[in-house]
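Student: Given chain Z, put chain G in place with the hints provided.
Protein chains: 2
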Amino acid sequence: MTTQQYLEENRDRFLEELKALIRIPSISTAPEHKQDTHHCAVQVQEYLVRAGLDRAKLYPTAGHPIVYGEKHLSDDLPTVLIYGHYDVQPADPLDEWDTPPFEPTIRKTEHHPDGAIFARGATDDKGQMFIHVKAVEAMIQTGNLPCNVKFMIEGEEEIGSPNLIPFITEHKEMLSSDVILISDTSLLSKDHPSITVGLRGLTYLDVKVRSARADMHSGLFGGAVANPINVLCDMIASLKDENKHITIPGFYDDVQFPSERDRQLMRDAPFDAQEYMDSPGVFGLEGEKGYTTYERTGILPTLDVNGIWGGFTGEGSKTVIPAVANAKISMRLVSNQDHEKITQLFSDHFKSIAPETVKVEVKPHHGGNPYVTPTDTAEYRAAADAVKKTFGREPVPMYEGGSIPIVAKFKEVLGVESILMGFGFDTDGLHSPNEHFGLWNFYKGIETVPEFFQAYSRMKDGV
Amino acid sequence: MTTQQYLEENRDRFLEELKALIRIPSISTAPEHKQDTHHCAVQVQEYLVRAGLDRAKLYPTAGHPIVYGEKHLSDDLPTVLIYGHYDVQPADPLDEWDTPPFEPTIRKTEHHPDGAIFARGATDDKGQMFIHVKAVEAMIQTGNLPCNVKFMIEGEEEIGSPNLIPFITEHKEMLSSDVILISDTSLLSKDHPSITVGLRGLTYLDVKVRSARADMHSGLFGGAVANPINVLCDMIASLKDENKHITIPGFYDDVQFPSERDRQLMRDAPFDAQEYMDSPGVFGLEGEKGYTTYERTGILPTLDVNGIWGGFTGEGSKTVIPAVANAKISMRLVSNQDHEKITQLFSDHFKSIAPETVKVEVKPHHGGNPYVTPTDTAEYRAAADAVKKTFGREPVPMYEGGSIPIVAKFKEVLGVESILMGFGFDTDGLHSPNEHFGLWNFYKGIETVPEFFQAYSRMKDGV
Chain Z
1 MTTQQYLEEN
11 RDRFLEELKA
21 LIRIPSISTA
31 PEHKQDTHHC
41 AVQVQEYLVR
51 AGLDRAKLYP
61 TAGHPIVYGE
71 KHLSDDLPTV
81 LIYGHYDVQP
91 ADPLDEWDTP
101 PFEPTIRKTE
111 HHPDGAIFAR
121 GATDDKGQMF
131 IHVKAVEAMI
141 QTGNLPCNVK
151 FMIEGEEEIG
161 SPNLIPFITE
171 HKEMLSSDVI
181 LISDTSLLSK
191 DHPSITVGLR
201 GLTYLDVKVR
211 SARADMHSGL
221 FGGAVANPIN
231 VLCDMIASLK
241 DENKHITIPG
251 FYDDVQFPSE
261 RDRQLMRDAP
271 FDAQEYMDSP
281 GVFGLEGEKG
291 YTTYERTGIL
301 PTLDVNGIWG
311 GFTGEGSKTV
321 IPAVANAKIS
331 MRLVSNQDHE
341 KITQLFSDHF
351 KSIAPETVKV
361 EVKPHHGGNP
371 YVTPTDTAEY
381 RAAADAVKKT
391 FGREPVPMYE
401 GGSIPIVAKF
411 KEVLGVESIL
421 MGFGFDTDGL
431 HSPNEHFGLW
441 NFYKGIETVP
451 EFFQAYSRMK
461 DGV
Chain G
1 MTTQQYLEEN
11 RDRFLEELKA
21 LIRIPSISTA
31 PEHKQDTHHC
41 AVQVQEYLVR
51 AGLDRAKLYP
61 TAGHPIVYGE
71 KHLSDDLPTV
81 LIYGHYDVQP
91 ADPLDEWDTP
101 PFEPTIRKTE
111 HHPDGAIFAR
121 GATDDKGQMF
131 IHVKAVEAMI
141 QTGNLPCNVK
151 FMIEGEEEIG
161 SPNLIPFITE
171 HKEMLSSDVI
181 LISDTSLLSK
191 DHPSITVGLR
201 GLTYLDVKVR
211 SARADMHSGL
221 FGGAVANPIN
231 VLCDMIASLK
241 DENKHITIPG
251 FYDDVQFPSE
261 RDRQLMRDAP
271 FDAQEYMDSP
281 GVFGLEGEKG
291 YTTYERTGIL
301 PTLDVNGIWG
311 GFTGEGSKTV
321 IPAVANAKIS
331 MRLVSNQDHE
341 KITQLFSDHF
351 KSIAPETVKV
361 EVKPHHGGNP
371 YVTPTDTAEY
381 RAAADAVKKT
391 FGREPVPMYE
401 GGSIPIVAKF
411 KEVLGVESIL
421 MGFGFDTDGL
431 HSPNEHFGLW
441 NFYKGIETVP
451 EFFQAYSRMK
461 DGV
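Taken in order, these protein sequences are the chains called Z and G.
Residue numbers for the first sequence follow full-length UniProt numbering, beginning at 1 and rising by one.
Residue numbers for the second sequence follow full-length UniProt numbering, beginning at 1 and rising by one.
Chain Z extracted, bound-state conformation (with noise of 0.2 angstroms):
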């Protein structure tokens, strides 16, 4: 029987198992959530051990365990290390979901004709991690896999990562490959695939600006004294100027842009204004002065407030001057930008600018440095042949705007360069209400992952 054979005969029953696995609600930031995350884990190794892998464990750490497996063919055989995480982002706001994000739901849409499930996680990242189970299964499963492969799925990605690096710098030999291949970002479309060859690096603050002990009545006090929250709000907008270019002192240094020819490609790539606001119904597209939406989003750093709170949030009204206000805020970065340096930049700039009537706090999350892959490699030239070969075009290198901090690690600790494969849309509404994951994405990867195989295991051999 042949991989694409087993593929055929097994479509329902792995959409039955995605769906099962799915509807674990394994929010890895709710610590209301331990024991569904754990469990998700634990499904996923079951998975792996259905697939045929010859070890396949959870891995225990400070916070949700590591999947591992792996089947060792030769040590003369190339080694694919495949990476992807079972945990997935908080489902709120939960009254926007035309269904409940945890129970999947088959329904078909305009860029998804054959059907898409709607449910946190369908495609960010259980959809997508769930393509390897599956294409890795049926290679096994007919005699078919041509090179070693090993799966590392984590469950923290959606919080950072923040116990991955300690895992891979303990476990570099057992984790040693040739090639990390990764399906957690997105294709242009059908039509245009793509392959993601930039993803942009992150820093996370909470700030806080304090400007008394106690809340103050705005009769006895307004005007007279610093209101927090319009101080926070005037440092805030002093931090972009009128072309929204970022104005802390520094910031740019460390940012190259990709090469005419690339830039060339990505402007050629189509672009589908009214598609890509349509998801999030956004009213109008807008960024720095002098780019299109691709390079602002894939080759420009950003920075943006996630989240802004308070004072008096209830109905009505209370005359009141709070005490503090806070602000949650992010920058994606680019190229060679540094998350560690970056948010030293922006602490410093953000007290510079603090007035002497408040005092400010800023506090770093999580962080992580922006990943650009080679383009001139075996493993880039196979994963454009197996596209084009199941898309039936030659694939666009993409810039894109997500951060998966840890590929930037896997290259510092491992290595290793990674292939950013992704098969879902940006307009499946990640992180959002309504996420989805279109069917004919699901086996159209699972069709693909096989001839990436394949082609890399021929290039490596005639290496």
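It is possible that some hints are incorrect.
[Unchecked claim] Derived DSS-like pairs: lysine-lysine, alpha-carbon spacing no greater than 30 angstroms straight-line:
hint, chain 1, residue 1, chain 2, residue 2
1, Z, Lys460, Z, Lys409
2, Z, Lys289, G, Lys208
3, Z, Lys318, G, Lys34
Source of the hints: derived by calculation from the structure; they are not laboratory data.
It should be emphasised that the depicted structure is a prediction, and the values quoted were computed from it without experimental measurement.
Tutor: The following block gives chain G in isolation, referenced to the frame of chain Z:
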């Protein structure tokens, strides 16, 4: 017997009667205290009868009753209308009271070496309102009342006086008077008496900025779409210039400053910055350039954000670009500013400064107009003379930061100016745990009010 002799002889009884009134928990906002609040109104009515008023009755309203009473001597004499309230704020947080809020106890404090009554409502406004009841009793019982007097004591001041405007509109004739006398404000200090001549108005609005239908992933959309929190911060920051001057066009059109003489009197008044800052533990004073603290809270309008919220505000990090951000914004108004006009100016301006990538909603809450007592009138001169006689020093005409919206309505509906002759201190803990009212202040008030009646009657007679 002179009025002052009567006051001397009845000091202890006055205090016991006030304590009895304070023991009634007349919390107007609490449905479970509806009977208590009614009982308190009946008690006030009985004290008015005891004072010797001819008519003293309760007027029922849709909420708590209004207590009315009058002593009519002659159509040829002027009439003083006394306004006050018998309802009080809730007492929570209860565990911050040193003694139970409705069991009045006398303790000495730094500002009250002769002792103060600690209880909810002690100064706001039972103690201050009772000053007038006892002063009028003394004048009537000694045959020294020099003019007509009316009392209007309401039970809904702490919930915005919803039924008082219909009442005064309906009973204009009954309430006809030459001046309204109110004790619901503060003195600077024992050594520096003051009369409040300015109250700020208020405009309070909810604003909402939306850039999309649903929340977005900051990786996919960061840099290419409007972040409503950043936009809201930009918009709020732009509402004041670098000197803290409000930038809304037309905002200051109806602002008139007091005479240079009155401003100089305020500048000369003692101001203890440390004491002012200590109560909320504020780190520093700031405000519009070129003004003192008294001027910033008294004669300048303000714009403060009372609450702000949007995006992810839980523990940890979420890389979301929210669809919506919200704020509660209020403006304290002065002199001739009209709260409805300012609401419109704010709303128009706020919408006009929004970028095209967002939609803005502005929802007004309640509002009220500022009030300024003219200082070149018989009634103000009478009040200043009375205070000078009993305190031994000319009072400072003070512009205060708080709002008593009903005072502007008295002018509008009844056509009569108000004299705001308060006897408490700002440090007496109004609306807070351990509210108290000094015994010295209580008796000094009872001594001062008859002097006002005498001086006012003489001046009106002389006109």
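Student: All hints are to be evaluated individually against the structure, with a verdict given for each.
Tutor: Consistency of the hints with the structure:
1. The hinted pair formed by Lys460(Z) and Lys409(Z) meets the criterion: a straight-line CA distance of about 24 angstroms does not exceed 30 angstroms.
2. Using a Cα cut-off of 30 angstroms, the hinted pair Lys289(Z) and Lys208(G) holds, with the two alpha carbons roughly 26 angstroms apart.
3. Only pairs whose Cα atoms come within 30 angstroms are accepted, and Lys318(Z) paired with Lys34(G) is accepted, the gap being roughly 23 angstroms.
Checked against the numbered hints above, the structure violates none of them.
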